[in-house]
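S.K.: These are the residues of each chain, in order.
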Amino acid sequence: DTAVSQTPKYLVTQMGNDKSIKCEQNLGHDTMYWYKQDSKKFLKIMFSYNNKELIINETVPNRFSPKSPDKAHLNLHINSLELGDSAVYFCASSQASGSSPYNEQFFGPGTRLTVL
Amino acid sequence: GENVEQHPSTLSVQEGDSAVIKCTYSDSASNYFPWYKQELGKRPQLIIDIRSNVGEKKDQRIAVTLNKTAKHFSLHITETQPEDSAVYFCAASLSGNTPLVFGKGTRLSVIA
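Protein sequence lines, in the order shown, are assigned to chains U and V.
Heads up: the first sequence begins at 4 in my numbering, then just goes up one per residue.
Heads up: the second sequence begins at 606 in my numbering, then just goes up one per residue.
With the rest of the complex left out, here is chain V (with noise of 0.2 Å):
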């Protein structure tokens, strides 16, 4: 079955600063990539997906790269801010209507 490997598992930077998960999955027939944040005590709320058919997408401060020959992806966050603290996790899954396979998170602080 599909395995996901995510790094590093905690980040701290400096606001204002730029931050970078990368995680790597097993399986080459995931299509779908979505990450999602997980605030302290509340649910994981998607920020940013990503399809096999696009290798790079953006929105706003947070963009998603892919790289499907490698079976590698990455999340990028700009100009990060104090609320962007939080645990971020990856996920890979056939679809979006198969259950995901989660990375094992990276709980980002933003110092201020």
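Extracted from the complex, chain U is given alone in its bound form (with noise of 0.2 Å):
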């Protein structure tokens, strides 16, 4: 009964590969999200995406892409996987409410990449 989860848990390839991360959320929200947490263990937003808009963190380049096959899906696909792609990736969802516009986030368990 896990909320957010996320498959693989580890995921080793090589330089120029095209890998995907798969994320699924229980909890019925709206709003999912995908994360980076460097080495330096810094997180930083990449995409968010609800029933009606996608926004796109500018400075993640165009080789990553979010898919939504339904509400309760966000995979991240990525092309021509590179070095400095190495990194933690986590989901997250929340809800919009109007009555409580300030909802929490629910994060998966992350996903370890690393481009040998």
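Rather than coming from a laboratory, the hints here were simulated on the basis of the structure.
Hints may be right or wrong, so weigh each one.
Claimed, not checked - According to the in silico footprint, chain V covers these stretches of chain U (three or more CB under 8 Å from chain V):
no.: 1; segment: 41-54
no.: 2; segment: 91-98
no.: 3; segment: 111-117
Predicted, not measured: the structure shown is a model, and the values here were computed from it.
In this text, a Cβ means the ideal position worked out from N, Cα and C, and glycines have one as well.
Since each chain sits alone in its own frame, please combine them into the complex, following the hints.
M.R.: In structure tokens, the structure reads:
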């Protein structure tokens, strides 16, 4: 009954490959996010997405693309992987509500990506 | 865009002492300020948050204060315990449903 889940937990791959990370939330939330945590532990937003709008952090290379097959899933696809893409990627979700606009973001367990 | 500064980057305290972590933000439109605790190899987990219409909030040994005029907020942990050892992140956003801008984290070590 994990609230936000990600697969895989670990991903080791070669430079130049294409890979995907999957995220699912069973909280009924309508907004999902991808954050990147680098080797210095800095957490930075990459994308946020709800039913209506994809917001892309302008610093994210276009090799990264979020894909949402439905409201409960937001997958991250990465093309032509580079050494600098090595990091932990966290998915998160939250629920917009007119009565309570300040709602907690729940994080997934993270996917540690290592590019060799 | 929003920029969040967090200090100190590392903090060591004796068990039972208090710990204070401070953050400043740049965007006066920010209204939501959560604090996350991240243990080694784990996900960030919300420990407390504060909205812009509140100056202080307390939950057992944890309290957060917010000064909107000065654009800074602080986390206070009293009677620290070894299990409080972790990395703590402050964050700011326009609301809880907009992307969080995180500070760079504070590694807290509680020495028994």
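S.K.: Between the segment 111-117 of chain U and chain V, see if three or more residues pass the 8 Å beta-carbon test, and mark the coverage as holds or violated.
M.R.: holds (count 3)
S.K.: Can you tell me if the segment 91-98 of chain U counts as covered by chain V, using C-beta to C-beta distances under 8 Å and a minimum of three residues?
M.R.: holds (count 3)
S.K.: Can you confirm whether chain V covers the segment 41-54 of chain U, using C-beta to C-beta distances below 8 Å and requiring at least three such residues?
M.R.: Holds: 8 residues of the segment 41-54 of chain U have a Cβ under 8 Å from chain V.
In the structure shown, no violation is registered for any of the earlier numbered hints.
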